[in-house]
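Asks: Each chain, written out:
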Amino acid sequence: GQNIDQPTEMTATEGAIVQINCTYQTSGFNGLFWYQQHAGEAPTFLSYNVLDGLEEKGRFSSFLSRSKGYSYLLLKELQMKDSASYLCAVSYNQGGKLIFGQGTELSVKP
Amino acid sequence: DTEVTQTPKHLVMGMTNKKSLKCEQHMGHRAMYWYKQKAKKPPELMFVYSYEKLSINESVPSRFSPECPNSSLLNLHLHALQPEDSALYLCASSQEKASGRAGVKDTQYFGPGTRLTVL
Chain V
1 GQNIDQPTEM
11 TATEGAIVQI
21 NCTYQTSGFN
31 GLFWYQQHAG
41 EAPTFLSYNV
51 LDGLEEKGRF
61 SSFLSRSKGY
71 SYLLLKELQM
81 KDSASYLCAV
91 SYNQGGKLIF
101 GQGTELSVKP
Chain W
1 DTEVTQTPKH
11 LVMGMTNKKS
21 LKCEQHMGHR
31 AMYWYKQKAK
41 KPPELMFVYS
51 YEKLSINESV
61 PSRFSPECPN
71 SSLLNLHLHA
81 LQPEDSALYL
91 CASSQEKASG
101 RAGVKDTQYF
111 GPGTRLTVL
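In order, the protein sequence lines correspond to chains V and W. Mapped onto our numbering, the consecutive letters of the first sequence carry residue numbers 1 to 110. Mapped onto our numbering, the consecutive letters of the second sequence carry residue numbers 1 to 119.
Excised from the complex, chain W in its bound form (with noise of 0.2 Å):
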């Protein structure tokens, strides 16, 4: 089983709301990450999660927060978001975080996306 899920599916919100993205993983992984990604291209790594710690924070703008609840569980707290903010928002997971020799405890796996509209 190498399942990611996120919730929800589809998210409208204006520049003022606060919202929060969800993923969950059941796959015992001890790494989770945040990615954005924008049509026609590849995926932006936004923050990186290892053993429920915060390890890589890719500058991304504090109207996004990060938090990570318990091993399986993933949020992204948005608040005042820009239109250009507008993406598809991908979770993924992987055995550990990359250390030294690339393989299956280094393999992502994504959820399905969250597509974020910004008003």
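One chain only, chain V, in its complex shape (with noise of 0.2 Å):
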């Protein structure tokens, strides 16, 4: 199978640094997306990867490994509208299909 690994839940308090990871199956990879969704909500696309390094977005990142099949989102400045689940999705060689994680629940604390 092509398993999605993703922290079911996270802490962090407003106006900190927090990092979400994501480890998936390296082969037949073509490239991995970020996604929040809000509560009853719609997935809305945050960022995506397909070369190794750092993409920054405003107060969010991301970052791959295909070697180690490893990508991390980093969000700063936290803020409370940022409570949400954070998506880790990858696209492999099999057109048309993202294989989507099970989505961490990320709480933002005064």
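One or more of the hints may lead you astray.
[Unchecked claim] In silico lysine-lysine, DSS-like type, Cα no more than 27 Å apart, as pairs:
1. W:K9 to V:K81
2. W:K40 to V:K109
3. W:K41 to W:K22
4. W:K41 to V:K81
5. W:K38 to V:K81
6. W:K40 to V:K76
7. V:K68 to W:K41
8. W:K53 to W:K105
9. V:K57 to V:K68
10. W:K40 to W:K9
11. V:K68 to W:K105
12. W:K36 to V:K81
13. W:K38 to W:K9
14. V:K109 to W:K41
15. V:K109 to V:K81
Hint data in this document are derived by calculation from the structure and do not stem from the laboratory. Remember, it's a predicted structure, so these values are computed and weren't measured experimentally.
Got two chains here, separate frames each, mind docking them using the hints?
Replies: Here it is in structure tokens:
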């Protein structure tokens, strides 16, 4: 199978930095996507990584190491509105499919 | 503009009813997707359309019937559903179906979803 693993829950403090990790099986890997999903809403696209390294977009950054089958999403200057589920999704050489991890529920506390 | 719209927002139906979910995008995307999402779970892929042709059917029961009338529209026809089919149904679109090198063309944009309750 193509398991995508990420922590189930994380808690962080407003204004802090949090890193959400994602590991995946490397065989047939095309690219990796991060989505944010607030309760009862649709997933919102945050970032994608195809090559190794760091992609930065404002307060959010995403890192990829293809050889290690590892990615992380870094959220800086946390705000209360960042409380949401963060989904790691991998595209494999199957054409058209995204394989989603179970999601990491992030709670930001004052 | 990365907007995908879905109607209705909420739907309650009985097990003998026939209803349809609608999805629309005007981004010129040629791949469209239906997902089912249960609470606290990730989205599960149901169907993929590429250039208005059904490309992937993830062994979905026949009580769910997709239709792609044109490149902007995607429907999901529902008939004789079961209470366990109650879920959030999400539509998504991307420029192209993933084809070897992920990137901007493969990025899927989701609609707001239809919250379906089957009584």
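Asks: Straight-line Cα separation of K53 (chain W) and K105 (chain W) no greater than 27 Å?
Replies: holds, 18 Å
Asks: Does K41 (chain W) lie within 27 Å of K68 (chain V) when you go C-alpha to C-alpha?
Replies: The given pair, whose Cα atoms are some 26 Å apart, holds under the 27 Å limit.
Asks: Holds or violated: K40 (chain W) and K76 (chain V), Cα atoms, limit 27 Å.
Replies: holds, 25 Å
Asks: Could you grab the alpha-carbon distance between K109 (chain V) and K81 (chain V) and see if it respects the 27 Å cut-off?
Replies: holds, 10 Å
Asks: For the pair supplied as a hint, K109 (chain V) and K41 (chain W), is the alpha-carbon distance within the 27 Å limit?
Replies: Holds - the C-alpha atoms of K41 (chain W) and K109 (chain V) are around 23 Å apart, at most 27 Å.
Asks: Is the hinted pair K38 (chain W) and K9 (chain W) satisfied, with a Cα-Cα distance of at most 27 Å?
Replies: holds, 16 Å
Asks: Quickly compare the C-alpha distance for K9 (chain W) and K81 (chain V) to 27 Å and report which way the hint goes.
Replies: Measuring from Cα to Cα gives roughly 23 Å; hence the hint holds.
Asks: If you draw a straight line from the CA of K41 (chain W) to the CA of K81 (chain V), is it 27 Å or shorter?
Replies: Holds. K41 (chain W) to K81 (chain V) sits at ~21 Å (cutoff 27 Å).
Asks: Compare the distance between the alpha carbons of K68 (chain V) and K105 (chain W) with 27 Å, and conclude whether the hinted pair is satisfied.
Replies: holds, 25 Å
Asks: When you check the alpha-carbon spacing of K40 (chain W) and K9 (chain W), does it fall within 27 Å?
Replies: Given pair K40 (chain W), K9 (chain W) holds - Cα atoms ~19 Å apart, limit 27 Å.
Asks: Are K38 (chain W) and K81 (chain V) close enough, with their CA atoms no more than 27 Å apart?
Replies: Since the Cα atoms of K38 (chain W) and K81 (chain V) sit roughly 23 Å apart, the hinted pair holds (cutoff 27 Å).
Asks: Has the given pair, K41 (chain W) with K22 (chain W), been kept, meaning a C-alpha gap of at most 27 Å?
Replies: holds, 23 Å
Violated hints for the displayed structure: none, as all numbered hints are satisfied.
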